[in-house]
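Peer 1: One letter stands for each residue in the lines below.
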Amino acid sequence: MRVNVRVNGEQRQADDVWEGESLLFMLRERLGLPGSKNACEQGECGSCTVYLDNVPVCACLVAAGQAQDREVRTVEGLADGDALDPVQEAFVEAGAVQCGFCTPGLVVAAHDLLDRVPSPSDPEIREALAGNLCRCTGYEKILDAVRLAASRR
Amino acid sequence: MTLTPAELTSAVSGGIGTSPQRPDGNLKVRGEFAYASDLWHEDMIWGATLRSPHPYARIVSVDLTEALKVPGVYAVLTHSDVPGRNLYGLEHKDQPVLAVDVVRYQGEPIALVGADHPETALRAMKKIAVVYDVLEPVVDMETAVDDTPLHPGGNLVRHVPIRRGAQDLTADVVVTGRYEVGMQDQAFLGPESGLAVPAEDGSIDLYIATQWLHVDRDQVASALGLPLDKVRLTLSGVGGAFGGREDLSMQVHACLLALHTGKPVKMVYNREESFYGHVHRHPAVLYYEHGADHTGKLVYVRAKIYLDGGAYASSTPAVVANAATLGVGPYEVDNVTVDCYGVYTNNPPCGAMRGFGAVQAGFAYESQMDKLAEALGMSPVDVRVRNAMTEGSVMPTGQVVDSAAPVAQLLKLVQDKPLPAGTSSDIRELPGGVSNTTHGEGVVRGVGYAVGIKNICFSEGYDDYSTARVRVSMVNGELAAAVHTAACEVGQGLVTIMQQIVRTELGIERVTVLPMDTTIGNGGSTSASRQTYVTGGAVKAACAAVRSRLDGRTDIGSEVIDETVEWRHRATEALDPVTGQGNAHVQYGFAAHRAVVDVDVDLGLVKVVALDCAQDVGRALNPQAVVGQIQGGSAQGLGLAVMEEIQTSGGKVRNPSFTDYLIPTVLDMPPMSIDVLELADPHAPYGIRGVGEPPTISSTPAIVAAIRAATGLALTRVPVRPEHLTGT
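Chain order of the listed sequences is V and W. Using UniProt numbering, the letters of the first sequence map in sequence onto residues 1 to 153. Using UniProt numbering, the letters of the second sequence map in sequence onto residues 1 to 728.
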């Protein structure tokens, strides 16, 4: 099937999409946007978190066809040209990035949190990021990054 | 005038001792960093692996006919398509690339499919007809040696005995225990993946996420029957490793499909396949007896340790040596008897995971120290300090610890940290969290301590080295440097460390890290907490060679200074096979933890409230990365303490998913306050001490000690599950 979808502000088209394909697969393998990650592909790790019509979702749990005529924003769409989003900048500065495989999903989730709650408390940050697994950091520096980004927005 | 390294350092920022940003950080936060699973090639096809559903079976027949008929399928391969040696392995070549007539674990690869879409490959795979004669699996590590032999040499992979001092002592106070450690998974987030690209001359390029390019290359070339120069490996982005990428997964498979079809082949495991696709931490059963005098001084330690290696050896021999030689912990004991056995079973293969044998022993010896403290009426910290190793102490192997061993100091540091406030009234900070299972009723607090020891770098006489090339030339009127190694960046930050070392050594701020590949000599393994030590040492040495040619000049015109250096740490010795004596290790690392937990004793739920750590790192080349390693390692220790276990039944994995294999989330992790000691090791470059593994060892027993303190339960097995706490 053919899927028409707006991705990061651009109208895109994917052809020969198999009905069983996920939005994640379409983004990564058909639209050249591998930023959203494939760590569990069953909605447990949050590495594939993208905005779908401004709501964060696990792209692995959304069928590609469900994105027809909708708006998707991925981690690749957060920076403004060379200028990183404050959340991205804070992740690098705070040491919240090690292997970085969880980072795209966490950056989108944190971006969404700060849009909704500009100055979140620690328990609010923890709750908002509870669906995103990180295996490297123990999360302390991710919390630092979100606090830092909040202080700058 | 020629500047000394120290003078040069002050001239540039981002040298050692500072925390500059990672060179790959921006790409990673933008989603533009190319991990192995992100690779793409024009005209590429997808590979898939048919795996055994049985832990132990004879293969009666394999029929590929129907699979080959599926439109879009390019190739279906079995062991008969392996042109070289069909056996590989890190220490023993005992594992088939593709099974021949027997499968020894659930998930063992039998056949490969190459197809135009991953779904096509999966559908074709399901049409491969395999007839099995299912056999009774060997699953008990304690009796495996006397059970059905799974390999020609029997089921004992390695026995390491340690005999030191008197073997027949008694003591005023004796405590004994039997402990179990469950099978932990590395659970790196980036699945096994890679892209194999065939060349017209029959050679191949493999872009791969791994921990050791050269050993991968050697094993791939052997299986493909190609000379080493026809197999080129380049490191792609690695989504975490923690030991789980030391062994081959899809490397040979992708290359076989690529050479067979003439097309680039991409293979990406999904999470379930990842659980079958890499080795895990050895489950263990450990019997201990500690004898002490009335003052708490240890008189003797006796231990018998079983480690379940599963179906293939992987790195079991080295894990056995670690558990044995580090088996009494960071304590002075004159009389030691240890027997450690690594065995074959039909359970999933086990090998390297962060802590590597020291984790299993650490849970047992620290549980014993708590038991001893209780028997003596001493505090857990006092009994440890009473026996704490110091510089100059003698290991059970007879090796003298010849650099800092601040065991007592580390314990006191965590003991003196402020304790967290009492049990919270915010349900988000209580056991069960927003599940709203308690508002504080039935919640009991406990505090526990542990300390651990880990060997750093490769041991037992292994020729452990790394190769580094540093090139300096003028770029836009300034000196610029490039550093090239085959040492794998897996997330830990080696790329940053190498830049820092070059800046410090050469006073050149602009340092490019070249892609890691096999066009340069061996970088050694990214394991054993060794890369900053060994590859860092190699980069430092290459810089020294460049510096002498640079001779203080800041303008070298069109000259290019290019130096490659092989650097090795001091030699180690084999262990005596009868007594286990010998200077087997290069360096020892130490960390201590204090854990504070709240336990809902009615429901058996645990909330770790604080997990503070003190660790000696010799010298913190990058303080931010050091703390990141300690916090990350502590988190994996928390996982083993209360969450993580690959559960098997009759050799079959019952929970191969992140739905059923739970790793800590941000809700499970407490705040972690870290104290970093910098007591330089005079034998190591810059005095550094490997950082990555020690925190994973003491984290687990500290948490379990805290749960014991809260509940009064014996808790001899990790992970501690709710039913262990409620008795239901």
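The hints are simulated quantities; they were obtained by calculation from the structure and are not laboratory data. This structure is a prediction, so every number in the text was calculated from the model and none was measured. Glycine is no exception: its CB is placed at the ideal position from the N, C-alpha and C atoms. Heads up, a few of these hints could be off.
[Said to hold, decoys possible] Only some residues are given here: those of chain W computed to face chain V with a beta carbon under 10 Å:
#1 242
#2 377
#3 426
#4 635
Peer 1: Hint numbers the structure violates, sorted upward?
Peer 2: 2
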